[in-house]
Structure formats: structure tokens, C-alpha cells
Amino acid sequence: MMEPSAYLLLSGILFGIGAAGVVARKNALVILMSVEIMLNGVNVAFIAIGSSLGDVTGSVFAFMVMTVAAAEAAVGLSILIAIYRLKETIDITELSILKW
Amino acid sequence: MEHILFVIFGAIAVGGALMVVTRRHPMVSAIYLILTLFAVAALFVLRQAHFLAAIQVIVYAGAVVVLFIFVIMLINVPDKKLPVERATGLRFLGVIVAGLFIVETAVIARRAGEPASRGVDAGSVQAVGRALFGDYLLAFEVTSVLLLAGVIGAIALAKKKI
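Respectively, the protein sequence lines represent chains A and B. Letter 46 of the first sequence, counting from 1, is numbered 46 in our numbering, and no numbers are missing. To get our numbering, take the position in the second sequence, counting from 1, and add 100.
Just so you know, these hints were derived from the structure itself, not from any lab. Do not rely on the hints blindly, as some may be mistaken.
Here are the computed lysine to any residue pairs in the SDA-like style, where the Cα-Cα straight-line distance is at most 25 Å [what the hints assert, rightly or not]: (1) B:Lys259 x A:Asp91; (2) A:Lys99 x B:Ala187; (3) B:Lys259 x A:Glu72; (4) A:Lys26 x B:Ala258; (5) A:Lys26 x B:Val165; (6) B:Lys261 x A:Glu88; (7) A:Lys87 x B:Ser224; (8) B:Lys181 x B:Leu167.
None of the values given here were measured: they were computed from a predicted structure.
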């Protein structure tokens with residue numbers, strides 16, 4: 001089996017790409033997708049370390065992350081629907097009613 | 101063999117992720133997201149995490165992305181109303197910081213040592229099931245409460261009138 005370092009690098013790359021998407025995009029849908037990419041990058045690290053140590057905990061943690069990701073996507077997208085119904089936009093720079 | 105497959109699927113995952121964050125239309129992003137998720141599932145298989153690979157395909161590609169696509173179609177933003185992405189200084193800075201994070205991970209990952217043990221079957225359905233319903237039973241049960249909260253929250257938020 002390969003050493004985990006290559007997988008850790010890949011996981012960092014995925015996380016970084018997702019983070020760049022979150023900070024640089026204005027489309028709320030794409031931002032949510034970028035968050036999913038970040039969570040996937042974390043899962044890659046969990047699985048790589050878990051399997052290289054021969055420990056099942058990595059898989060269990062990745063499982064929990066996936067559950068959180070599913071719940072987050074459901075709630076986030078329904079918030080997006082509610083916002084779109086209210087403001088007719090998915091541009092996050094126009095959603096500034098909480099700003100003073 | 102694992103090296104070659106790792107390079108192939110890793111490149112697909114990274115390329116797909118790049119396309120997700122750079123495409124203008126969210127539907128294109130969603131399709132590339134499926135590509136990335138499948139490539140990550142293949143990487144899980146390479147690490148002998150078969151259960152997680154199956155869950156990845158079923159839950160992520162099967163449920164989460166379908167949810168995304170449903171919402172994209174449901175709100176159906178017209179092309180000219182899609183947000184116009186401008187490269188402001190702050191956004192540029194954010195991308196640079198994300199790039200720095202990748203460099204940082206590369207430096208740390210090079211120091212990751214040899215695996216302590218090899219060839220142990222740690223990702224099979226049996227092993228994960230034993231852990232989930234044994235040591236992590238409480239966490240597993242709490243997960244179901246989280247999902248229930250997610251379902252109720254999603255319905256309550258997206259409903260027109262409660």
C-alpha cells in the first residue's frame with residue numbers, strides 16, 4: 001500500500017480548491033458545492049490515515065462527516081430557496097440585510 | 101499499480117474540483133461535482149475503504165448532488181441574472197491564501213511518516229459495522245437525530261407558510 005503522504009497532499013489540494021471557491025465565488029449554489037468539495041478533501045485524509053494505521057476510526061469519522069455534509073446540504077439549499085423566494089437573487093453580495 | 105490509479109483518479113478529482121469552482125453556470129458545476137465525487141470514491145477503494153466508497157456514491161452522488169440539481173432547476177435562475185464574478189482584490193487575496201494552504205499541506209504531508217501497520221482490513225463493511233454499532237453506537241444514534249433535525253429544518257425553511 002502507498003504511503004499516506006500523497007493522499008494527504010491530494011486532500012489538501014481538494015480542500016484548498018474548495019476554500020478558494022467559497023471565498024471567491026458569488027453564486028451561493030457554487031459556494032455550497034465548494035463546501036462539499038472541502039468536506040470530501042477532509043474525508044480523503046481520514047481514509048488515508050485510517051487505512052495506513054489499520055484503524056477503523058478513520059472510516060467512522062469519514063462516515064460522520066458525510067452525514068453532516070448531507071444534513072448541511074439539505075438545510076443550506078432550503079435556506080437558498082427561501083432567500084430566492086424573498087429576494088429573487090442567489091448573489092451573496094446582494095444579500096446584505098444583516099449588515100449595518 | 102496503486103500509484104498509477106492514484107495519479108489518474110487524483111487528477112480527475114482535482115480537475116473536476118477546479119471545474120466546479122470556475123464554471124459560470126451552477127448546473128455545469130454540479131455535473132463536474134459528480135465527477136469529483138466518483139473519483140474520490142475510487143480513491144477510497146484504493147485505500148480498501150469499500151464501505152465508504154459505496155456510501156460516497158450512494159449518498160453524495162446519489163442524494164446530495166441530485167438535491168443540488170433539483171434546487172438549480174427549481175429556482176431556475178435565468179442566465180442574465182446569474183451573478184457576475186469580478187476579480188476584486190479581496191477575492192484575489194482569498195485565492196492566494198487558499199493556494200498558500202495547499203503549499204503548506206504539501207510541506208506537512210512530506211513529513212508524514214511510514215504507515216505503522218499494513219494490510220489490515222480496516223475499511224470493510226464488517227469492520228466499519230462492528231465499530232459503528234459497538235464503540236461508536238452513541239455517536240451513530242446521535243447522527244440519526246442530526247439527520248432528523250436536518251429533514252425538519254429543510255422542510256420548515258423551504259415551506260412557503262408554516
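Structure-based check of all given hints:
no.	hint	result
1	B:Lys259 x A:Asp91	holds (21 Å)
2	A:Lys99 x B:Ala187	holds (22 Å)
3	B:Lys259 x A:Glu72	holds (17 Å)
4	A:Lys26 x B:Ala258	holds (22 Å)
5	A:Lys26 x B:Val165	holds (20 Å)
6	B:Lys261 x A:Glu88	holds (18 Å)
7	A:Lys87 x B:Ser224	violated (47 Å)
8	B:Lys181 x B:Leu167	holds (22 Å)
Comparing the model with each earlier hint shows a violation of hint 7 alone; every other hint is respected.
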